[in-house]
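Undergrad: One-letter residues, chain by chain:
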Amino acid sequence: MEDYFDYTAKLFDQSAIMGKPEALKGIRVLDFSHVIFGPTAARILGDYGAEVIKLELPHYGDLWRPATYWGKYWKHSNPIWHGVTKNKYFITVNLRLQKSKDLIYRMAEKADVVIENFAPGTAEAWGLGYSQMSKINPKIIFLSCSTYGQYGPMRYFPGWDLLAQAASGVLSLNGYPGTDKFFKLPDYLGDFVPGNFGALAIIMALYYRNKTGNGQYIDIAQTEAMMRMLYHFTFYSLTGRELGRVGNTDPAMIAAAIYKTKDERFVALACGTTSQFHGLLKAMGKEELAREERFIDYRESLKPENNEYLRRLVTEWLKTKTAEEVVAIGRDYGFPAAEVTDDYQICHDSWRRERGSVILFRDDMYGEIALAGPSAQLSLTPSRIKWIARPLGYHNRYVLKKFLGMSEEEIVDLERKKVIGTFDDRPGLKPPVYYNLDNDPIYNYGKEVGK
Amino acid sequence: MTTETKEAIYTRYGRPSELARALAQIMDPEGKPEVLEDVLVLDASYANFAGIIAASFFAEFGAEVVKIEPPTGDPARHMTPEGEEVGEVGIPFIVEGRNKRYMTLDLINSPTDRETFKKLARRAAIVIETFPAGKMDSWGIGYRQLKEENPGLIYIAITPYGQYTKKARDFSQMPDSDITAQAGSGLPANMGDIPEAGEPYNWPLKAGLWAAWYISGLSAALGGAIALVHRQNTGEGQMIDVASMDAYANMVTIPPAIGFTWEKARPRIGVLDFILYPYGHWHCKDGMVAIAAPRDHDFRALLKILDLWEIEDDWRHSSDRIPDILEQATHLHKIIQEKTVNFNADELVAKALNYSKKSARSKWRGGGVPIVMRVMTPVTALANKQWHIRKAFQEVEDPALGKKFILNTSFVKMSGSPPRIKWVATEIGKDNDYIRQKYLAEK
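First to last, the protein sequences are chains Z and X.
Residues in the first sequence are numbered from 1 upward in steps of one, following my numbering.
Residues in the second sequence are numbered from 452 upward in steps of one, following my numbering.
These are computed hints drawn from the structure, not numbers from a lab.
Beta carbons: idealized from backbone N, C-alpha and C, even for Gly.
Each hint should be verified, as a subset may be incorrect.
What the hints assert, rightly or not - Straight-line Cα separation of at most 30 Å, DSSO-like style, residue types lysine-lysine; simulated pairs: (1) Z:Lys-181 with X:Lys-790; (2) Z:Lys-20 with Z:Lys-139; (3) X:Lys-586 with Z:Lys-282; (4) Z:Lys-10 with X:Lys-569; (5) Z:Lys-181 with X:Lys-755.
As the list claims (entries may be wrong) - Chain X regions said to be covered by chain Z (calculated; three or more residues, Cβ under 8 Å): (6) 520 to 526; (7) 536 to 544; (8) 706 to 712; (9) 733 to 743; (10) 773 to 779.
Unchecked claim - Just so you have them, the derived chain X footprint on chain Z, three or more residues with Cβ under 8 Å: (11) 331 to 340; (12) 419 to 433.
Produce the entire structure from the sequences given, and follow the hints as far as they go.
TA: Structure (structure tokens):
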């Protein structure tokens, strides 16, 4: 039989992705959402082949377009925005005008999914809520994203990732016990994780609609999504105790912590089973400990004082090992070990490039950029990148002509009446300076233009 | 603060309206159909919660999820904080015991049991496993063999480095854990205190929850759900490969873009945020508050609330406040801290809400929406009325454990085909007969 890894290399061949089928082809998504939470849910559908039409306000656009790390732009765009909103059609409509709403209603007739993350109640007030959209298209799947949900006494509270981290209890769990410092999870995890949960809910609804023909309303609260990641509620309910902060350790694993190595680097190490624990003891030359009463049973070893004793042993041991050595020892002796990896390493690790975890993408407008790959690789209907973020209103003409069948004259008229519009001269909204939109076929109604 | 005033703040803006009442009603799962009622999931994950968690999401949506484990049980049963167990079962395993069935098959040692697994897999839509890459294949029950008899099978494998590439081959024997997956996928590198805080506080900091295992589990379930849609349309199955070393970086997408455009890693900046300020948490009279007021008009509103208007001139633009100059941002952080300690958390929450409400109606206030929330612990969050009304928690009983306890319910509310918790079970081999009769009985 063929070697397993030769077989899987063919199965997941990264160069064959563009020729494979798309699971969500033909699904059309209207994405009213902004910042990260809603846009992430929509983006994932786009990664798997759905047509995602992102609607923004002319001249102003999504709040997150100009919000970049330390105010540093890349080719007049926000480098992290490209990962948040790839594969989308960027159109703008001025919601103050009835004509814009008519445009949206026309799109809703042919849409399968609507996503919004305004403050609860806002979409309904503007005539864009589920009650209105489902009248136009009863089969619509409508996802409302918010911090605390669409009903309940806190429904009108505004919020972002941070507030969900605070209200769910997540923020209170990060940091060292006995200090007055707490840390929020980095990189807006409280938006990205609920965004992925939102995509999962939509896909379940699509599966259901394929069976029954029925659409539905989905209410996802990012605080509830974060609470789903905690076993702490049940821990409290069963023991009457609070775990609180655990510093750099994992109290559910033996000897688990982040340690400093001989070469001043950091590694994480843990034992989740008795055999992993015995592997670690053997590697340290401390096999006799396994016969001690306090370490015979996995549960005894997890007792705080016993576990602390083991972590101290490992701390001393690792002062004599480099990070690379520890990881190799972990593999050979059968316990988990990994080096703490930073942005630069993640971007430049060759195995991540080979795997498609980090993708060096060549974009028609922006050139080369490294982007995060999918967090799950699918062998038959893989995620793919077609294009990255685009200037505000870039796809207006293309979408109105191709999807709504409008004539160029009608579109020019909408532009003149300011129903649709494009970007102001601000980074994050405008194209790179070297880029001439007059020569861009997509921008010009999708037709060939002379260069 | 008394409980009455507290209640007033969290309910004041949400007098139960017709719409809210109607919503609460249509989101009730009682009597509604389940999306995955015709889907059989075999969860053969071993000593790995990512697989167990992925299986839970399918179970919440109505799939028949069978946990396959050796007669001695999955070692994941004992992964529990400080060794706390009920009976012989660890608490995280109880939490993920929702809607599960249990069958004993010793895939590691018994060729007969592997044969039984193979038969069962003919009836399954999804198989989940977390053994070293290639292990199931060497036992004759990998994707390549199972798909011969069941071409529609969706086969989900979760490991640290995945199923392909040279790295995956070289490190196939490396076991998975949450803390190593957090470390290897970029989370701790971006969390922790500033260099001046001293060791170990300025070290990379681990998230105090199973961030990587939940993210890997969610990624696996999401991939599986997309594959289910394709299977529904075409009948074709596929293999899904989740590498837990991707977990954090690929879900938040930010680390590769920073590594590429900056050509360096970010330093750790403690409690501050890289993009927004104020966007963090401060001590107050009775605990802590999280405050987000990053836009200029939000910030001005916050200054009014905190009685700090005199500093407005120095910090007017968001570019003045972002922590590219760390000392400067830390200085502003202290100024705000001196004010927040004068208030109770709920007072600040109420002030911010009142301000936002007024500013929404006044063109003179410039639309500032400063947002404040009390920093809750899991225990205070449990007591929050919002979650009672939304049924975010549910009391359940595992008859085998003989205990009642609180469980977080599913992550979403849906009107048509909502997820739900029907039961919690943890008993080894509980459904051996049921499964054999239902799926393996000779016709």
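Undergrad: Decide, hint by hint, whether the structure agrees.
TA: Hint by hint, here is what the structure shows:
1. At roughly 18 Å between alpha-carbon atoms, Lys-181 (chain Z) and Lys-790 (chain X) fall within 30 Å of each other, so this suggested pair holds.
2. Taking the CA atoms of Lys-20 (chain Z) and Lys-139 (chain Z), the gap is about 28 Å. The hint holds against a cut of 30 Å.
3. In summary, the hint linking Lys-586 (chain X) to Lys-282 (chain Z) is supported, as the alpha carbons are separated by about 24 Å, within the 30 Å threshold.
4. Of the supplied pair hints, the one linking Lys-10 (chain Z) and Lys-569 (chain X) holds, its CA atoms being roughly 24 Å apart against a limit of 30 Å.
5. At most 30 Å may separate the alpha-carbon atoms for a hinted pair to count; Lys-181 (chain Z) and Lys-755 (chain X) meet this at roughly 26 Å.
6. Judged by the Cβ-Cβ criterion of 8 Å, the region 520 to 526 of chain X is not covered by chain Z as claimed, because only 1 of its residues qualify and three are needed.
7. Note: the region 536 to 544 of chain X has 5 residues with beta-carbon separation from chain Z under 8 Å; the three-residue rule is met and the coverage holds.
8. Residue count for the region 706 to 712 of chain X with a Cβ under 8 Å from a Cβ of chain Z: 7. That meets the three needed, and the coverage hint holds.
9. By the rule of at least three residues with a Cβ nearer than 8 Å to a Cβ of chain Z, the coverage given for the region 733 to 743 of chain X holds, with 5 such residues.
10. A count of 3 residues in the region 773 to 779 of chain X with a Cβ less than 8 Å from any Cβ of chain Z is obtained; the coverage claim is therefore met, three being the minimum.
11. Only residues whose beta carbon comes within less than 8 Å of a beta carbon in chain X count, and the region 331 to 340 of chain Z has 9; three or more means the coverage holds.
12. For the region 419 to 433 of chain Z, the assignment as covered by chain X is violated, since 0 residues bring a beta-carbon within under 8 Å of that chain's beta-carbons and 3 are needed.
Violated hints, in rising order: 6 and 12; the structure is consistent with all others.
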